[in-house]
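Number of protein chains: 2
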Amino acid sequence: MSESSTTRQQRVRQASADRRARQKLDLRRAILDAATDLFEREGYEKFSLRQVAEAVGYSPTTIYLYFTDKDDLLHHVALEGFRSFGEDLARAFAAHEDTHARLLALGQAYVRFGVTHPVHYRLMFMVRGEFLSRPNPPGYESVVDSFGLLERAIREGLERGDLDVPDVSAHTLGLWAAVHGLVALHLATPYLPASALEPVLEQTMEVMRRGSRA
Amino acid sequence: MSESSTTRQQRVRQASADRRARQKLDLRRAILDAATDLFEREGYEKFSLRQVAEAVGYSPTTIYLYFTDKDDLLHHVALEGFRSFGEDLARAFAAHEDTHARLLALGQAYVRFGVTHPVHYRLMFMVRGEFLSRPNPPGYESVVDSFGLLERAIREGLERGDLDVPDVSAHTLGLWAAVHGLVALHLATPYLPASALEPVLEQTMEVMRRGSRA
DNA sequence: TGACAATGATTAACACTGTCAAGTAAAAGA
DNA sequence: TCTTTTACTTGACAGTGTTAATCATTGTCA
Numbered sequence: 001m002s003e004s005s006t007t008r009q010q011r012v013r014q015a016s017a018d019r020r021a022r023q024k025l026d027l028r029r030a031i032l033d034a035a036t037d038l039f040e041r042e043g044y045e046k047f048s049l050r051q052v053a054e055a056v057g058y059s060p061t062t063i064y065l066y067f068t069d070k071d072d073l074l075h076h077v078a079l080e081g082f083r084s085f086g087e088d089l090a091r092a093f094a095a096h097e098d099t100h101a102r103l104l105a106l107g108q109a110y111v112r113f114g115v116t117h118p119v120h121y122r123l124m125f126m127v128r129g130e131f132l133s134r135p136n137p138p139g140y141e142s143v144v145d146s147f148g149l150l151e152r153a154i155r156e157g158l159e160r161g162d163l164d165v166p167d168v169s170a171h172t173l174g175l176w177a178a179v180h181g182l183v184a185l186h187l188a189t190p191y192l193p194a195s196a197l198e199p200v201l202e203q204t205m206e207v208m209r210r211g212s213r214a
Numbered sequence: 001m002s003e004s005s006t007t008r009q010q011r012v013r014q015a016s017a018d019r020r021a022r023q024k025l026d027l028r029r030a031i032l033d034a035a036t037d038l039f040e041r042e043g044y045e046k047f048s049l050r051q052v053a054e055a056v057g058y059s060p061t062t063i064y065l066y067f068t069d070k071d072d073l074l075h076h077v078a079l080e081g082f083r084s085f086g087e088d089l090a091r092a093f094a095a096h097e098d099t100h101a102r103l104l105a106l107g108q109a110y111v112r113f114g115v116t117h118p119v120h121y122r123l124m125f126m127v128r129g130e131f132l133s134r135p136n137p138p139g140y141e142s143v144v145d146s147f148g149l150l151e152r153a154i155r156e157g158l159e160r161g162d163l164d165v166p167d168v169s170a171h172t173l174g175l176w177a178a179v180h181g182l183v184a185l186h187l188a189t190p191y192l193p194a195s196a197l198e199p200v201l202e203q204t205m206e207v208m209r210r211g212s213r214a
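Same order as they appear, the protein sequences are chains D and C. Counting with this note's numbering, you get residues 1 to 214 for the letters of the first sequence. Counting with this note's numbering, you get residues 1 to 214 for the letters of the second sequence.
Hints are computed from structural coordinates only; laboratory data are not their basis.
In silico DSS-like links for lysine-lysine, alpha-carbon gap of 27 angstroms or less:
(1) C/Lys70 - D/Lys46
(2) C/Lys46 - D/Lys70
(3) C/Lys70 - C/Lys46
(4) D/Lys70 - D/Lys46
(5) D/Lys70 - C/Lys70
(6) D/Lys46 - C/Lys46
(7) D/Lys70 - D/Lys24
From just these sequences and the hints, can you work out the full model?
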């Protein structure tokens, strides 16, 4: 009947394979979602593979069919964080043209992420910062290079004559470190409560602005 | 014979109690040393109570007679770190009179500690920063308040007219965060290798100096 | 000196954990 | 219909922190 170049059997087989691949992706997604959920509720120390399995309704060993091990699963939980973190920063970058306004907005977006996603932040930048040095696995190639974004803002500021610093990379690192340090101090120590975070950030950004302006 | 107000029996009893107390302290010290050693060799994740017990030659449950639990033991490992960290900073503080030289020295001492004691640093300020908010247990009352030290350096600088910032506490936090951020980035990410740490610190300190000078 | 009490450490067990090898049941392919 | 592949589970191992019960030794006191 049909004059297509593929036989009916071939097409059915293909559809079947597609469906199975889709189900496999669905379960992988469900595991990752359950893991993220559990992680955010329980925190790094109490996060357990077996509890993830129970939450998703499979035996513990099934997880190993979708992630190589607990660490890999945790890495993907972190990657979800890097993705939304990158999106936040990209929005802040795009929202301003002026160099200093842009840098301030980036700093504020950074801090805001840390405050609203403390458990994720700790995982991503404090407890398991090594994740940053791992290559992005399939599906996460497009995650925004946040560090590169900040570097670009600074380089452009330098080209426009808004900034004057000896070394772009060093200043990028210094600014990043300053903001990260504030969030880390807030999350890990009693020195910097949430209420003080915003004003301290502003004063620090202002000091660094004054110290780096042309 | 002896006309002392205490009987011989009383003195013997006292000496015996003293000896037992001393032995108890010795074992506590031995456990803590073994724990510190193991922790520095194996790192936070692999640190195990049972291995500490084995290293010191006692059964696992014996540890509970000297520390309330694993967390308490880990806290004391961190406290050893806070002590030597505080000593390093106090030395740097005392070595300089000039405000900016003193602040730079403090920053350098801070970074040096992080580089030479990475495992301890991670425990103290990154993975288990909550330890900072716990009250100092017996034996650690004299640990230098490093944060207070930095604050004093800044306040004195302000009083001498070397600095001009709106808020002393905020600037203390900002400076601390900047240096901590650099160490944390070095220890947890690939962005800041050891070789780049010193120059980046210098440029950042210089930017903050320019931005906060009177 | 001998009975009693306190101290210091141990053994055994529980409820967990991540992970691996082997096995099972169902679906797909020939 | 027979065989192979796929998806998943069972059972086990070697660990973990922690608790309760127990044992041996030492100190105390009649």
